Amino acid sequence: MGIIAGLMGLIFLVIIIALFLFAAIFMARKVGLLKTPEIVEGATTPHGQHMVKRYVADLKNISDSLVFRFILIAVLIGLMTIPLSLVSDVVRERSNLYRGVLNDIASTWGQQQNLQGPALFIPYTEKFITEEVKTDKDGYERKVNKTIYKQRTAIVLPDDLNISVRLNGETRKRSLYESLVYTADLNVTGDFLRPDISSLSNNIDEIHWNRSWLALGISDTQAINKVSGLNWNNQKTIDFEPGTKVVNTIASGFHAPIDLSLLSASASDSTVDPESKYPFQLNLNINGSQGFYFTPFGKTTDVEIVSDWPHPSFQGSVLPNKHEVSDDGFEATWSVPNLARNYPQLWTLEKQQFNVNEFKAGVNLFESVSLYSQITRAIKYGMLFFTLTYITFLIFEMGIGRRLHIVQYGVIGLALSIFYLTLLSMAEHAGFFNAYISAAGIIIIMISLYAYAAIRNIKRTIIITVLLAGLYTLLYSLLKLEDYALLAGTVLLLVILAVLMVLTRNIGRDVDTGSDNNPDVNDKGYPIDNVDNDSKREAPDNIVLPTNTNIATT
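Quick note: the sequence shown uses numbering that gives the first Met the number 0, first residue 0, plus one each step.
Simulated from the structure, these hints should not be mistaken for lab results.
What you are looking at is a predicted structure, and each value in this text was computed from that prediction instead of being measured.
Keep in mind that a hint or two might mislead.
With a cut-off of at most 25 Å between alpha-carbon atoms, the simulated SDA-like pairs for lysine to any residue come out as follows [claimed, not checked]:
id, residue 1, residue 2
1, LYS479, GLN407
2, LYS172, HIS428
3, LYS359, TYR342
4, LYS359, SER106
5, LYS479, LEU491
6, LYS359, PRO241
7, LYS244, ASN209
8, LYS172, ASP158
9, LYS359, THR182
10, LYS359, TRP108
11, LYS126, LEU348
12, LYS276, TYR371
Could you build all of it, start to finish, from the sequences and the hints given here?
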């Protein structure tokens, strides 16, 4: 059924083209571009055959005109969008497969990492006493005190938070595809002020300092390689345990239990400075991909990220205060005050709800121009490339006085379309640059040999080869430009428009001047002898004059 549908479509296309050509001839006669010869009375040629010969002659005249060549080029460029769209579908399919492989690698190596915290959590109990009046069975009223206890959890954010990150980029390969991943070495330091839990409520019955814990959030805990113990208040190291115990605030990560009974003792000791700080320090090594982000939990959060990847893309709610990018990598620093976010340093989780993930910052390890994005951009320049190539051949037609057949134009267009499929298939194995050189070389050689077979001129064939090589070089330059690609493409379009203006500047001049361009032919197309007016010969009545000035006598 597919073959039959294709044949029917081809027949329908041929019929449409034929109707278009006959309509073009009819309109050309109406406006005077083609002259309709008179039918000779008594001619032996049948009327039907005579009409066919006239249309064939008219069709040949139209096909040799420059206007028809431009129309032909426009139609062929439109038809070439069909193979271009097919190649674009193949590129899209391969690109989706590539993204699927990247997701698979990220799921096993490590996803994009987001560091939250650390934060200190201190549970406490609130005591509420209510007085109720109850009536017994004898009708006596009495007052009863009812005591209600509610468990609360206070979250304390650090006063100073310093995060130092070293991202070491790596490349992981699966099948034909490569994925950029990283290993991050983190050093997290800072300090907490002694929290004033009593300021959270007037009904606090007891603060459970010995049940406190410190939690640190990591978005993908499966990618944790190594975590040091928590060094709290320059004392012994405390081991971490899985989970944060507060999944509504910090979804995933780990925690370390801390006995803060000393804080309770210091709170009752008037000699202890209430502004005393309790430092902490920890190290961890994690895997990740795509990017690294942090949440500024500190009253002042200072972050430094250093990497060997030369293409960073800084993202998030705030950009770095300072950054340096070179071929050897980048270095960026942030300093974020707590006033930039919308949650305080101390609150009760059960009473107030804040989205601590709404404010974060970080960097993506950006691949500036990927393989499939480069091929997609090359396909977008396909129409422009077809136009330049066809205009090149049109110029040579005007120079050598020989017309290429419509089939030859179509074959050249197919060769240009196959270039993109060749580029895609080779780039997945040899890289974009090597694939581009190879595919361009193959297509240039094929078109040059085909052009030599058509024009039979080695010098002009060499010129065509050089021009094609220049066009492919120009296309590659546009693909490699990142910041100036649009500007360069616009300039190229203006150049093409200027060339078209030069080529078409004389169209219509012959029609406007009439027979002035050919003084040896009168306005009816008859030859005029160089004699005086009295001796001019009239054309015999029995002469048939077709449009190509061939004289047929009865």
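Q. Is LYS359 within 25 Å of SER106, Cα to Cα?
A. Judged against 25 Å, a Cα distance of about 22 Å means the pair holds.
Q) Can the restraint linking LYS479 and LEU491 be considered satisfied, given a maximum Cα separation of 25 Å? A) OK: LYS479 and LEU491 at ~15 Å, within 25 Å.
Q) Hey, LYS276 versus TYR371, does the alpha-carbon distance stay inside 25 Å? A) Roughly 53 Å separates the two Cα atoms, so the pair is violated.
Q.
Next pair to validate is LYS244 with ASN209; report whether the Cα-Cα distance is within 25 Å.
A. Measuring from Cα to Cα gives roughly 16 Å; hence the hint holds.
Q: With a cut-off of 25 Å on the C-alpha distance, tell me whether LYS172 and HIS428 pass.
A: holds (12 Å)
Q | Pairwise hint evaluation, THR182 against LYS359, where the allowed Cα distance is 25 Å at most | A | Within the cut-off at roughly 20 Å; holds.
**Q.** Pair hint outcome, LYS479 versus GLN407 [Cα-Cα no greater than 25 Å]
**A.** violated (32 Å)
(Q) Would the hint linking LYS359 and PRO241 be met if the CA-CA limit is 25 Å? (A) holds (24 Å)
Q. Given the proposed pairing of LYS359 with TYR342, does the C-alpha separation stay at or below 25 Å?
A. Given that 25 Å is the threshold and the Cα spacing comes to 13 Å, the pair holds.
Q | Restraint check for LYS126 with LEU348, where alpha carbons must lie at most 25 Å apart | A | holds (17 Å)
Q | Given hint TRP108 paired with LYS359 - CA-CA distance at most 25 Å | A | holds (23 Å)
(Q) Check the hint pairing LYS172 with ASP158 against an upper bound of 25 Å on the C-alpha distance. (A) Violated - the C-alpha atoms of ASP158 and LYS172 are around 43 Å apart, more than 25 Å.
In the structure shown, a violation is registered for the earlier hints numbered 1, 8, 12, in ascending order.
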